[in-house]
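Just so you know, the sequences run in chain order A and B. Just so you know, we're using our numbering here: the first sequence kicks off at -10 and counts up by one. Just so you know, we're using our numbering here: the second sequence kicks off at -10 and counts up by one.
Derived by calculation from the structure, the hints in this document are not laboratory data. These numbers were taken from a predicted model, which means no experiment stands behind them. Mixed in with the good hints, there may be bad ones.
Identical chains blur together in the list; that is why a pair holds if it fits in one copy or across any two.
[Unchecked claim] The list that follows gives simulated cross-link-like pairs (lysine-lysine, BS3-like), each with its CA atoms no further than 27 Å apart:
hint	residue 1	residue 2
1	Lys69	Lys278
2	Lys277	Lys183
3	Lys195	Lys253
4	Lys(-9)	Lys13
5	Lys210	Lys294
6	Lys327	Lys102
So the chains spell out like this:
Number of protein chains: 2
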Amino acid sequence: MKIVCDKSLLTSGIGISLRAIPSKSTMQILSFIAIVAEDNKVRLVSNNLELGIETELDANVIEGGKICVEARMFSEIVKKLPNNEITMEVNDDTNSDSGIKNRTMLIKSGKVKFEIAVMSTDEFVFLPNFSGDENIEISHYDLKNIINQTEFSISDNENTKVMTGELFEIKGNNLRMVALDGNRIAIRNHNLVKEYKDVRAIIPGKTLRELSKIISDDIEKRVIIYFSDNHVTFKFDNTTVLSRLIDGNYYNVDKMLTDTHNLKVTVNKAEMLETVDRSLLLRRESDKKPIIFDIYDDHINFSMKTSVGSMNEDIDVTKTGDDLKIGFNPKFMIDALKNIDSEEIDFYFINPKSPCFIRDESKSYIYLILPINF
Amino acid sequence: MKIVCDKSLLTSGIGISLRAIPSKSTMQILSFIAIVAEDNKVRLVSNNLELGIETELDANVIEGGKICVEARMFSEIVKKLPNNEITMEVNDDTNSDSGIKNRTMLIKSGKVKFEIAVMSTDEFVFLPNFSGDENIEISHYDLKNIINQTEFSISDNENTKVMTGELFEIKGNNLRMVALDGNRIAIRNHNLVKEYKDVRAIIPGKTLRELSKIISDDIEKRVIIYFSDNHVTFKFDNTTVLSRLIDGNYYNVDKMLTDTHNLKVTVNKAEMLETVDRSLLLRRESDKKPIIFDIYDDHINFSMKTSVGSMNEDIDVTKTGDDLKIGFNPKFMIDALKNIDSEEIDFYFINPKSPCFIRDESKSYIYLILPINF
């Protein structure tokens, strides 16, 4: 194998590949990237068996071939090379005594030469080639937003596997993504450009988080998504992301939602976010005290009392309905507020024991948060 | 106690005080700041018994008093207050049943109210008042530089206590600071504005590191330094930093230095720094391989070979003297190079077993690095 390629293209390709490299692994091969060179293209492939990524870049392929390199070291070396032109060449030195092949790759850039150990791709698991019967289209921008605005509600409790993923549901032209963790639910609804066949699949949270880091925030560029039996594939730019789906039945989310309420409060998001954020200062891991919302007249009085001190703060709101005193985990409030992109936010309450709903008129977002007894 | 003060002044005062707050401690009181309010001044005092800091700010003192607060929580709360005007007021609530005093401090800013537990200053160790017979003057800028350009050579091996500090030595109008760790020595010489009596003291590395973070890089502003039997005091702006000195005899550094050399090499600093830095990519904790300098004609060929690969790189230099092949710990080279503020640097070598010296003509800096056998 002998390739001449651009440092900038290679660096960004490696950056994408690293998203499927586990931070530690018992299987050595999982920390390797496969480099496949043919037809003036270089493909970089990484695969942790849950999530696989393949990304392609233009290169001058002088001699085709394929090889595996340790991903992080390769990444570090390429980043620190001095020139934009990089030459990579694989050499097979056979030790004349032992007959053992000692395979290395020479990486050259300007006067700099690195030689690193490489492995054959024999043990490497390349991505299977799936094709779905329907290609769902969504912009980079929308997909990235929907993921970022829901993923914080994904549970990290591996005992309830379905909770560690998000529901990806298509009905007609509506895409709904749902994440829940037993204390809260995050829902985003999004209008797709056309109608598709129904989809109901659970995509692992890890896949979505890595995906959202790779896709751009370009509203013009498209991601193509298709589902096969146990997998979902995302195709965009020169990159394919393939992920296993989570087996199992997702919760019946509609049963958990209601429009009934006894109190509606409209608050200034920035003001409320600052207040709730300050309450965290007093919170200690040992006593997970709630922040109390005392809602009366046109005010919310926020208060918290913990082993180290107390806080108390008033903000003006627009209120329709009954007075109410209710307590919440401030972290859950902050997660939801941070991810809503509007100045004023509507809260809907039923009573101190029932969940509160944060949503807009059109229900493009719905956040449900369970209260805490106090 | 009741104070009204400026958030910005208070925040910067707390920032300074935190430098003497240990990250963890078995003695609770060490994680507290003492607040002393009198005569329209507020003094903040922190003391970890090695290093003590006292800093003063202007305030409207409505009622004088003194109190201790948990430093980090106090810092976090103040940072997140909404308005610049902060009111702090200590309340003594005596529980009518138990008769136990429950002391709290109310912190108010705009509509925000925090109430936190406080402690009396009974257990707090305030700083003793030392005065030295001679006040040494140096600019913030110079002191900060001298510390930063030597402190990386301080040893962290607590078994050889004197190595965990720096030699602070004054002879006439020359200040010399020396740090060494058994593999290398860092020396800076600096001309003071006037002559002082001889000083030879060992200042703890931790003190110097914290001090360099507090002082500015203003060349016009002065730090006043004076020594008493076991302590050194630094006074600047509204702040006093007091530190214990390290007991013991420092090494005879002059015995370790020599001007004799068989080879002088002048290199471009930036170029060499990049090269040596790249060699770190191949270095693994398990095999601490040296970087080899092969110095011949007008080149240095740098190479390193480890379990994961090898690198090889040439740079052009100006050379006077014998050819030489010598190996070094690349980290030590990088530390020295990074801290020299000139484009071209002179290296002096004797033979592959003797230390190399990096110094300028006037010896304002001398870095000695021991070679590694290879």
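- From the Cα coordinates, with 27 Å as the cut-off, is the pair Lys69 and Lys278 best called within, between, both, or neither? Classified as between; 20 Å across copies, 48 Å inside a copy.
- Between Lys195 and Lys253, at a C-alpha cutoff of 27 Å, which is it: within one copy, between copies, both, or neither? neither (35 Å within a copy, 56 Å between copies)
- Item | Same-copy or cross-copy closeness of Lys277 to Lys183 [CA-CA at most 27 Å] | Neither. Shortest intra-copy (46 Å) and inter-copy (60 Å) distances fail the 27 Å Cα cut-off.
- Is it within a copy, between copies, both, or neither that the alpha carbon of Lys(-9) lies no farther than 27 Å from that of Lys13? Neither: 30 Å inside a chain and 54 Å across chains, both beyond 27 Å.
- 27 Å Cα cut-off: does Lys210 pair with Lys294 within a copy, between copies, both or neither? neither (49 Å within a copy, 45 Å between copies)
- Message: For Lys327 and Lys102, with the copy left unspecified, which applies at a CA distance of at most 27 Å: within, between, both, or neither?
- Response: For Lys327 and Lys102, only the inter-copy Cα distance (23 Å) is at most 27 Å; the intra-copy one is 47 Å.
Violated hints, in rising order: 2, 3, 4, 5; the structure is consistent with all others.
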